[in-house]
Amino acid sequence: MPHHNSIAILGIHTGIGKTIASAVIAEAIGADYWKPVQAGIEERDIDLVSRLLTDGLGRVHPEAVVLSQPMSPHAAAAIDNVDIDFTKFEWPVTNKTLLVETAGGILSPMSSTTTMADFVLHYQLPVILVVQNYLGSINHSLLSIEVLKNRGVNLLGIVINGTPNSDSETFIEQYSKVPVIARIPHLETLDNATVVKHAHEIKSRLAGIV
Numbered sequence: 014m015p016h017h018n019s020i021a022i023l024g025i026h027t028g029i030g031k032t033i034a035s036a037v038i039a040e041a042i043g044a045d046y047w048k049p050v051q052a053g054i055e056e057r058d059i060d061l062v063s064r065l066l067t068d069g070l071g072r073v074h075p076e077a078v079v080l081s082q083p084m085s086p087h088a089a090a091a092i093d094n095v096d097i098d099f100t101k102f103e104w105p106v107t108n109k110t111l112l113v114e115t116a117g118g119i120l121s122p123m124s125s126t127t128t129m130a131d132f133v134l135h136y137q138l139p140v141i142l143v144v145q146n147y148l149g150s151i152n153h154s155l156l157s158i159e160v161l162k163n164r165g166v167n168l169l170g171i172v173i174n175g176t177p178n179s180d181s182e183t184f185i186e187q188y189s190k191v192p193v194i195a196r197i198p199h200l201e202t203l204d205n206a207t208v209v210k211h212a213h214e215i216k217s218r219l220a221g222i223v
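Note that this note's numbering gives residue 45 to position 32 of the sequence shown, counting from 1, and the numbers run on in steps of one.
No lab work stands behind these hints, which were simulated from the structure alone.
Yeah, the Cβ is synthetic: ideal placement off N, Cα and C, and Gly gets one too.
Hints may be right or wrong, so weigh each one.
Claimed, not checked - Derived DEER-like restraints, expressed as beta-carbon distance ranges: (1) D180 to L70: 16 to 22 Å; (2) D96 to E214: 20 to 26 Å; (3) L148 to L70: 26 to 32 Å; (4) E56 to P192: 30 to 36 Å; (5) D204 to N152: 33 to 39 Å; (6) N108 to V209: 20 to 26 Å; (7) H199 to I222: 19 to 25 Å.
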């Protein structure tokens with residue numbers, strides 16, 4: 014079963030920087046990091062986060078499932094002939110807060126019959142939603158928030174990752190009544206020093222929320 018202090022990192026879409034956001038948030042609040050399902054072995058997110066976090070090797074936990082192909086987990090699992098049953102995941106043991114990074118968007122498949130939202134709801138995990146500004150991101154954000162609210166998920170707040178767009182962010186925040194709790198700019202350099210710098214900038218915003 015999950016650590017009592019676990020937080021899921023969900024995204025409104027795929028490829029929007031959940032992993033980078035997870036690293037900066039983990040650094041800011043002193044959390045550990047876990048990505049339960051990794052699809053693709055060429056570029057594993059735990060390798061990147063291990064490099065980015067201070068004492069990363071001690072704070073990044075092995076995946077529950079590693080699939081060979083870099084595609085949606087349900088499709089990758091079919092190729093590898095693996096049955097993904099998140100109810101049987103072995104959770105990392107840690108005395109810190111655990112950030113749990115999902116894959117894709119909130120209704121992206123985790124298995125042939127389940128989504129990331131199902132996983133989060135099963136374990137009653139509070140959620141930080143990562144949003145990136147692009148044409149269509151308001152719709153993706155509000156759809157994601159609507160689904161999470163309808164399922165009774167505890168949505169702690171929104172983290173904006175990448176280029177700011179104050180018009181979009183204001184609309185999402187005001188319409189959904191979900192606060193933007195942090196902003197992480199596009200990071201030109203991906204290293205520990207950069208992550209530490211941006212973690213320091215958002216630390217006070219996250220205090221008391223997570």
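Hints versus structure:
1. D180 to L70: 16 to 22 Å: violated (41 Å)
2. D96 to E214: 20 to 26 Å: Roughly 42 Å apart at Cβ, these two residues miss the hinted range, so it is violated.
3. L148 to L70: 26 to 32 Å: Distance hint for L148, L70 is violated at roughly 39 Å.
4. E56 to P192: 30 to 36 Å: holds (32 Å)
5. D204 to N152: 33 to 39 Å: Once the Cβ atoms are compared, 34 Å apart, the range 33 to 39 Å for N152 and D204 holds.
6. N108 to V209: 20 to 26 Å: About 22 Å separates the Cβ atoms of N108 and V209, which means 20 to 26 Å holds.
7. H199 to I222: 19 to 25 Å: holds (23 Å)
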